[in-house]
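Model the full assembly from the supplied sequences, consistent with the hints where possible.
Okay, so the sequence shown: first residue is 1 according to the numbering used here, each after it adds one.
Since the hints were made in silico from the structure, they are not lab data.
Take the hints with a grain of salt, since some may be wrong.
For lysine-lysine, the following PhoX-like pairs were computed, each having C-alpha atoms within a straight-line distance of at most 25 Å [unchecked claim]:
id, residue 1, residue 2
1, Lys-30, Lys-20
2, Lys-41, Lys-60
3, Lys-63, Lys-30
4, Lys-41, Lys-30
5, Lys-80, Lys-63
6, Lys-63, Lys-20
7, Lys-41, Lys-63
8, Lys-41, Lys-20
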Amino acid sequence: MTAREMIELVQQHHPDMGEKEIINLLNRAKDDFCLRTEMIKDTYTTTTEANQRYYTLDNKVIKIRSLWLNDVEIPRLSGKPIIDDDTEESG
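And the structure:
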């Protein structure tokens with residue numbers, strides 16, 4: 001079914017709905033379906049920095065299944081870290 005066909009089908013049942021509102025609702029339904037079914041999987045790579053624990057991820061990342069660093073899988077941490085990050089003093 002094409003997007004045009006979906007819009008026309010919705011408008012048959014809800015003639016007062018505009019195209020933009022229907023498209024927004026269809027996109028929301030698609031996003032919700034993909035989130036619940038976890039049907040879209042991808043690989044994300046980033047550059048790491050020494051002494052940096054936290055990184056900002058692309059907002060497309062919904063769930064992290066595993067983490068690898070230098071070809072070694074890092075075990076999942078449950079809860080907050082019990083130690084602070086090491087800090088390097090310059091100079």
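| message | For Lys-41 and Lys-60, compute the direct alpha-carbon distance and say whether it is at most 25 Å. | response | 11 Å, holds
| task | Would you check the hint for Lys-30 and Lys-20, treating anything up to 25 Å between C-alpha atoms as holding? | result | 15 Å, holds
| message | Hinted pair, alpha-carbon criterion (25 Å max): Lys-41, Lys-30. Please report holds or violated. | response | Since the Cα atoms of Lys-41 and Lys-30 sit roughly 15 Å apart, the hinted pair holds (cutoff 25 Å).
| task | Mind checking the alpha carbons of Lys-63 and Lys-30 for me, to see if they're no more than 25 Å apart? | result | 17 Å, holds
| request: Please work out if Lys-63 and Lys-20 have their alpha carbons no farther apart than 25 Å. | output: Violated, at about 29 Å.
| request: Compare the distance between the alpha carbons of Lys-41 and Lys-20 with 25 Å, and conclude whether the hinted pair is satisfied. | output: 28 Å, violated
| Given the proposed pairing of Lys-41 with Lys-63, does the C-alpha separation stay at or below 25 Å? | Distance of about 9 Å is within 25 Å: holds.
| field | Restraint check for Lys-80 with Lys-63, where alpha carbons must lie at most 25 Å apart | value | Satisfied, since the Cα-Cα distance of roughly 18 Å is no more than 25 Å.
Hints 6 and 8 from the list above are not met by this structure, while the remaining hints are.
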